Structures are given as C-alpha cells and as structure tokens.
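Student: Sequence:
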Amino acid sequence: MDEARLIELAVEARKRAYCPYSNFPVGAALLAKDGRIFTG
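To convert a position in the sequence shown, counted from 1, into our numbering, add 90.
Just so you know, the hints here were simulated from the structure itself, not pulled from any lab data. Keep in mind that this is a model prediction, so the values were computed, not measured. Glycine is no exception: its CB is placed at the ideal position from the N, C-alpha and C atoms. There's no promise every hint is true.
[Unchecked claim] Capping the alpha-carbon separation at 20 Å, the derived lysine to any residue pairs in SDA-like fashion look like this:
{"id": "1", "residue 1": "123", "residue 2": "105"}
{"id": "2", "residue 1": "123", "residue 2": "91"}
{"id": "3", "residue 1": "105", "residue 2": "124"}
{"id": "4", "residue 1": "105", "residue 2": "116"}
{"id": "5", "residue 1": "123", "residue 2": "93"}
{"id": "6", "residue 1": "105", "residue 2": "130"}
[Said to hold, decoys possible] The calculated label-pair distances, taken between Cβ atoms and stated as ranges, are:
{"id": "7", "residue 1": "97", "residue 2": "123", "range": "31 to 41 Å"}
{"id": "8", "residue 1": "116", "residue 2": "94", "range": "11 to 21 Å"}
{"id": "9", "residue 1": "111", "residue 2": "91", "range": "18 to 28 Å"}
{"id": "10", "residue 1": "102", "residue 2": "125", "range": "27 to 37 Å"}
{"id": "11", "residue 1": "130", "residue 2": "92", "range": "30 to 40 Å"}
Turn these sequences into a full structure, and let the hints steer you where they fit.
Tutor: What follows is the structure, given as structure tokens:
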C-alpha cells in the first residue's frame with residue numbers, strides 16, 4: 091500500500107464526514123501493521 095492510495099482513501103472518507111457545526115470535513119486513513127486499512 092502506497093501513501094498516495096491512503097491519501098485517496100482519506101479524501102473519500104472526508105466526503106462522508108458529518109460536520110454540521112464546524113463545517114470542517116475531516117477524513118483519515120490508517121494502515122495497520124497487519125495490512126488492514128481503517129478509514130473515517
């Protein structure tokens with residue numbers, strides 16, 4: 091998994107962000123040691 095792919099996943103997560111008060115969407119992608127990817 092390369093860094094560019096993680097950035098793409100974080101950008102996709104940002105599109106789904108729920109931020110009714112701050113209006114500041116944030117997305118994150120984490121690559122675990124075992125290869126699993128967590129987004130949010």
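Student: Decide, hint by hint, whether the structure agrees.
Tutor: Hint-by-hint comparison with the structure:
1. Our distance criterion of 20 Å between C-alpha atoms is broken by residue 123 and residue 105, whose separation comes to about 26 Å.
2. A hinted pair counts as satisfied when its Cα atoms are at most 20 Å apart, and residue 123 with residue 91 qualifies at roughly 11 Å.
3. With a C-alpha separation of about 26 Å, the suggested pair residue 105 and residue 124 falls outside the 20 Å cut-off, and the hint is violated.
4. For the suggested pair residue 105 and residue 116, the alpha carbons sit about 8 Å apart, so the restraint of at most 20 Å is met.
5. Taking the CA atoms of residue 123 and residue 93, the gap is near 14 Å; set against the 20 Å cutoff, the hint holds.
6. Between the alpha carbons of residue 105 and residue 130 the distance comes to roughly 10 Å, so the proposed pair stays at or under 20 Å and holds.
7. Judged by the Cβ atoms, the range 31 to 41 Å given for residue 97 and residue 123 is violated: they are separated by roughly 20 Å.
8. Roughly 19 Å separates the CB atoms of residue 116 and residue 94, a value that falls within the hinted 11 to 21 Å.
9. Evaluation of the 18 to 28 Å hint for residue 111 and residue 91 yields a failure: the beta carbon distance comes to about 33 Å.
10. Checked against the hint of 27 to 37 Å, the C-beta distance between residue 102 and residue 125 comes to roughly 19 Å, which is inconsistent with it.
11. The hint said 30 to 40 Å for the Cβ distance between residue 130 and residue 92, and at roughly 20 Å that hint is violated.
Consistency with the previously given hints fails for numbers 1, 3, 7, 9, 10, 11, ordered from lowest to highest.
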